[in-house]
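*Asks:* Taking my numbering, I'd label the letters of the sequence shown as residues 1 to 218.
In case anyone wonders, no lab produced these hints; they're calculated from the structure.
Just so you know, even glycine gets a beta-carbon here, dropped at the ideal spot from N, CA and C.
Take the hints with a grain of salt, since some may be wrong.
[Unchecked claim] Here are the simulated distance ranges between beta carbons:
{"hint": "1", "residue 1": "207", "residue 2": "124", "range": "23 to 29 Å"}
{"hint": "2", "residue 1": "41", "residue 2": "130", "range": "34 to 40 Å"}
{"hint": "3", "residue 1": "200", "residue 2": "159", "range": "16 to 22 Å"}
{"hint": "4", "residue 1": "136", "residue 2": "190", "range": "16 to 22 Å"}
{"hint": "5", "residue 1": "144", "residue 2": "63", "range": "37 to 43 Å"}
{"hint": "6", "residue 1": "183", "residue 2": "63", "range": "47 to 53 Å"}
{"hint": "7", "residue 1": "132", "residue 2": "183", "range": "16 to 22 Å"}
{"hint": "8", "residue 1": "193", "residue 2": "71", "range": "35 to 41 Å"}
{"hint": "9", "residue 1": "44", "residue 2": "153", "range": "40 to 46 Å"}
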Amino acid sequence: MALTLVIGNKNYSSWSMRPWMALKGTGIAFDEVVIPLYTGEADKQRILDVTRSGKVPALIDGDITVWDSLAIIEYAAERFPDAKLWPQDVAMRAHARAISAEMHSSFMPLRNECGMNIHRPIRAKPLSDDAQANIARIQQIWTECRALYGGQGPYLFGAFSGADAMYAPVIHRFRTYAIDVTPPARAYMDTMLANPAFQEWTSGALAETWVIERFETD
Numbered sequence: 001m002a003l004t005l006v007i008g009n010k011n012y013s014s015w016s017m018r019p020w021m022a023l024k025g026t027g028i029a030f031d032e033v034v035i036p037l038y039t040g041e042a043d044k045q046r047i048l049d050v051t052r053s054g055k056v057p058a059l060i061d062g063d064i065t066v067w068d069s070l071a072i073i074e075y076a077a078e079r080f081p082d083a084k085l086w087p088q089d090v091a092m093r094a095h096a097r098a099i100s101a102e103m104h105s106s107f108m109p110l111r112n113e114c115g116m117n118i119h120r121p122i123r124a125k126p127l128s129d130d131a132q133a134n135i136a137r138i139q140q141i142w143t144e145c146r147a148l149y150g151g152q153g154p155y156l157f158g159a160f161s162g163a164d165a166m167y168a169p170v171i172h173r174f175r176t177y178a179i180d181v182t183p184p185a186r187a188y189m190d191t192m193l194a195n196p197a198f199q200e201w202t203s204g205a206l207a208e209t210w211v212i213e214r215f216e217t218d
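Take the sequences, apply the hints, and build the full model.
*Replies:* So, in structure tokens, the structure goes:
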């Protein structure tokens with residue numbers, strides 16, 4: 001039985017993008033169901049029918065439903081060990097999980113000030129010191145990973161992993177808001193921008209016609 005990944009709008013839903021990228025980027029087959037966000041009670045109920053959290057994404061695997069982006073990635077890593085969603089080396093795997101958890105729990109100023117909106121014209125906007133600090137920390141993470149593991153491949157831990165999936169929406173944020181980045185960060189962004197799964201998500205987002213006005217404020 002194929003997995004089913006329930007997601008929100010590709011243009012806006014950064015949390016949906018993360019497990020989608022993890023599955024697609026490692027070749028795990030799944031069916032995709034898009035439920036547009038903030039369109040009324042009917043679609044809200046559709047999400048509640050999938051998971052009582054009332055949020056997307058959610059992964060359905062037979063009788064098992066897993067919600068939350070990082071939990072879905074962890075479940076997929078256990079369910080499909082050959083996909084190698086996490087590095088095989090224990091120290092690298094610990095590092096990958098740590099930076100993924102940091103992405104999951106941190107960087108709220110950047111999230112709030114630079115929401116993912118792939119349709120938005122590329123242009124800079126004034127950002128708070130806290131958001132700038134978030135940007136600096138993310139670049140530090142990327143640079144350290146590339147310095148440590150760059151000899152093994154172009155991604156954060158050499159091969160594509162769950163960590164790259166967790167940071168994928170940040171690539172769109174940095175690009176959309178014309179964030180000035182260091183050369184090592186730019187090289188990593190270019191790697192992700194060329195990733196076929198990343199490009200497929202982006203194409204899907206650009207094809208959407210839904211507009212959520214609350215996310216179109218700048």
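*Asks:* For each hint, tell me whether it holds in the structure or not.
*Replies:* Hints and how they fare:
A beta carbon spacing of about 26 Å between residue 207 and residue 124 agrees with the range 23 to 29 Å that was offered as a hint. Range check, residue 41 to residue 130: about 35 Å between beta-carbon atoms, so the 34 to 40 Å window is met. About 19 Å separates the C-beta atoms of residue 200 and residue 159, a value consistent with the hinted range of 16 to 22 Å. Checked against the hint of 16 to 22 Å, the pair residue 136 and residue 190 passes, with Cβ atoms roughly 20 Å apart.
About 41 Å separates the C-beta atoms of residue 144 and residue 63, a value consistent with the hinted range of 37 to 43 Å. Under the hint 47 to 53 Å, the C-beta atoms of residue 183 and residue 63, about 49 Å apart, fit the expected range. Residue 132 and residue 183 have their C-beta atoms about 18 Å apart, which keeps the hinted 16 to 22 Å range intact. In this structure the supplied range 35 to 41 Å is violated for residue 193 paired with residue 71, their Cβ-Cβ distance being about 27 Å.
Roughly 41 Å separates the CB atoms of residue 44 and residue 153, a value that falls within the hinted 40 to 46 Å.
Of the numbered hints listed earlier, the single one contradicted by the structure is hint 8.
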